[in-house]
Amino acid sequence: MLTETKAEFSIKGMTCADCAETLERRLKEQHGIKEASVSFALAKVALKYNPELLDPTTVKRVISSGGYTVEDDGRSAEGNIGTAFAVKHLEAIRVVAVGLLLALGWILTKLLPAPGMLVDAMMPLAIIVGGYPIAANAIRALFQKKLNVDLLVIIAAAAAVAIGDYLEAGLVIFILLLGEFLETITVARTGQAIKGLASLIPNIVKLKRDNQEIEVPPAAIKVDDTIVVRPGEHIAIDGIVVKGEATIDQALITGESIPVEKLTGDEVYAGTINKMGAIEVKATKVGRDTTVAKIERMITESLAKKAPVERTVDRFAGYFVPAVLVFAALVYLITLDIRRAITVLIVACPCALVLGTPTAVVAAIGSAARRGILIKGGEALEAAGRITGFIFDKTGTLTWGKPRVLSIKRVGTCAHGEDGVIELAAAAEKFSEHPLASAILEKAREHEVVIMAPDDFKMRIGSGVEVRQNGLHIMVGNREMLKDNDLELSRELHDYIDTKEQQGATILIVVHGREQCSNATDMQDDGATCCPKEVCGVLELVDPPRKESAQAIELLRAAGAKIIALYTGDNPRTAATVAGLVGIDEVIAMLSPADKANKINDLKARGKIIAMVGDGINDAPALAAADLGIAMGVIGSDITVQAANVVILDDDILSVPRVTALGRKALAVIRQNIAFAVVFNTLMMGLAAYGIIGMVVAAIFHQVSSLVVIFNSMRLLRWKKSF
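In my numbering, the protein residues as written are 9 to 731.
Hints may contain errors.
DMTMM-like, lysine to aspartate or glutamate: derived pairs with alpha carbons at most 20 Å apart [as the list claims (entries may be wrong)]: (1) K14 / D297; (2) K417 / E441; (3) K570 / E542; (4) K728 / D659; (5) K541 / E500; (6) K417 / E454; (7) K293 / E241; (8) K612 / E594; (9) K541 / E454.
For each label pair, taking beta carbons as the anchor points, the in silico distance ranges come out as [as the list claims (entries may be wrong)]: (10) I147 / R296: 38 to 44 Å; (11) T65 / A286: 42 to 48 Å; (12) A129 / I212: 50 to 56 Å; (13) A286 / K36: 48 to 54 Å; (14) S498 / P552: 55 to 61 Å; (15) P552 / K283: 26 to 32 Å; (16) G21 / R296: 26 to 32 Å; (17) R296 / P540: 52 to 58 Å; (18) L338 / V712: 24 to 30 Å; (19) L338 / K728: 47 to 53 Å.
Calculated directly from the structure, the hints in this document are not laboratory data. Backbone N, C-alpha and C define an ideal beta-carbon position, used for all residues, glycine too.
Can you build the whole structure from these sequences, using the hints too?
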């Protein structure tokens, strides 16, 4: 039986995007590896492999054979993102040393009439010191049948040395070293947008045991342990406040800019900061199970998913390099000038082209993550920039998702007043996860009725719930449920429900029957006799629209959305009322989760690019069917999070137009980077072929082009919520 395992490694030693592309290709060639992605910006390798065919040691050996240092992800938080600032000290010293040797050698040669052996040795020494790591990378590339910029530079430097121009050889090497150093630092700066999540967990936690506080590392905390968190301290676990009150800054987790008051019984998250007050927190999730750990894993995994435009660029780059080699050969054959041909090779290496898309994706995803929006990969980011239609769920998306029971109407004689109706409804909804169930249970607690656990619970998708309890058969649902059970409402009750639904309320009907009775008139499928079912109550629930919903719809329409519709399982009257309040014209009601997914597939078949916005488990099929699934405020719901491409942690519906705005901006930056790289490389190749620029200038322009696209991508780090 084939199995699949995920693994992540932090790596050190990559000096350019070409290194990442080469390593990724080598990993994909390994038998047993299903998927492999190498991020130069994050210095990470993400894999899916078959553990029956491959083990992590073999993977590490493959990575190490490329000259890189490997670390298990999670063993060193320092090794995750942006470690270039720590590991580039040697490279910085090397760059400075080469520069000083070249400068001193040139100055002393000009000043001294007879420089002597020491001065004569300075430039060759600079070439050796600076050229050693470049030559090592070039040799590895040759063994891997790969032509990279390091090999081109070594060839250029060797050619310059052969004709006695040590200064030019040294300058080419110095410029490459300096450019790669600056490139690595700036790319690492882009990755810093995500690094903050990895450093939110404190090194020491105050564990409360036997009324004493013991300082322990976070790894020592187990579920149900209690920790003490004082002002200024980070919370290390997800848990429930069991004592005290505090003001918690959740900005890096949910994107909320205003600290939130937490009281006894409230939930808190790992990685958040206690701004005021002391609290004791009972752990419910620790280590890799915490919200912040899930977010970090989600971001890391998402960056392994390349955008379609990135895959296109990679394919183009694969054809571009051979084309450049042919062009350089033609230049040499026509001009018989080897320096021109080498200059063409140096300036035409497509580093800027390869860097343009991944750096923009990392910057955009990192910037969004720090503002409470998780975008799961370049594919989702690109889709966000191309969306033409938006489908919204109602409950919990356009509305607050916190309905309340406004009124209880008793019908018939099967329940003892309002308490009897709510008691039956609460028993039926006890195990339901729907927001309406929460409202019913809350109302039952207000009425101080005993909420009995049912013996059997069945969810009737699109209509309601059905349970059996102590010989009772209870159903709670909409009018579809009545049709399915051949039950009819009186004209008076029909009119009552119609009126309430036109006012925007959601109506749930409570049906009751006994499984066994002496004068049974019905027979169930399993042969048990039962009394006729009858309607014994009607619950009126209200869930007002969010105040920002209308603004979000207006912003999407202003941005050019061609389709904005409401798909809901609720009744048509309530759905139409809510849609009218928020400015949506197209409404389709009484849809099951499968119906929503089918409707979305129909739109996609007509060439529409569709985003689905929902918040619950019942939205998962539609989220998965859409080109872009956007889940709101559901980081704890694994099913919904897995189905969605975008997760909005702060539950702010205005983040929907924000995501599309960021997607469009990121696409614009990517197009700018690609256009610049192609035009610039083509122009420089022409200048090199005509002998207008030499090897040194070519090396400078090569590095400048890479830095330009990186700096352009870094503009996305400044993206902020503008509405």
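Taking the hints in turn, this is what the structure says about them:
1. K14 / D297: Between K14 and D297 the Cα gap is close to 16 Å, so the pair holds against 20 Å.
2. K417 / E441: 24 Å, violated
3. K570 / E542: 46 Å, violated
4. K728 / D659: Judged against 20 Å, a Cα distance of about 17 Å means the pair holds.
5. K541 / E500: Given pair K541, E500 holds - Cα atoms ~19 Å apart, limit 20 Å.
6. K417 / E454: Status holds; Cα separation ~16 Å.
7. K293 / E241: 18 Å, holds
8. K612 / E594: 17 Å, holds
9. K541 / E454: 27 Å, violated
10. I147 / R296: 38 to 44 Å: Check passed, 40 Å falls within 38 to 44 Å.
11. T65 / A286: 42 to 48 Å: 47 Å, holds
12. A129 / I212: 50 to 56 Å: Once the Cβ atoms are compared, 53 Å apart, the range 50 to 56 Å for I212 and A129 holds.
13. A286 / K36: 48 to 54 Å: 52 Å, holds
14. S498 / P552: 55 to 61 Å: Check failed, 29 Å falls outside 55 to 61 Å.
15. P552 / K283: 26 to 32 Å: 31 Å, holds
16. G21 / R296: 26 to 32 Å: 27 Å, holds
17. R296 / P540: 52 to 58 Å: 53 Å, holds
18. L338 / V712: 24 to 30 Å: 26 Å, holds
19. L338 / K728: 47 to 53 Å: 49 Å, holds
Hints 2, 3, 9 and 14 from the list above are not met by this structure, while the remaining hints are.
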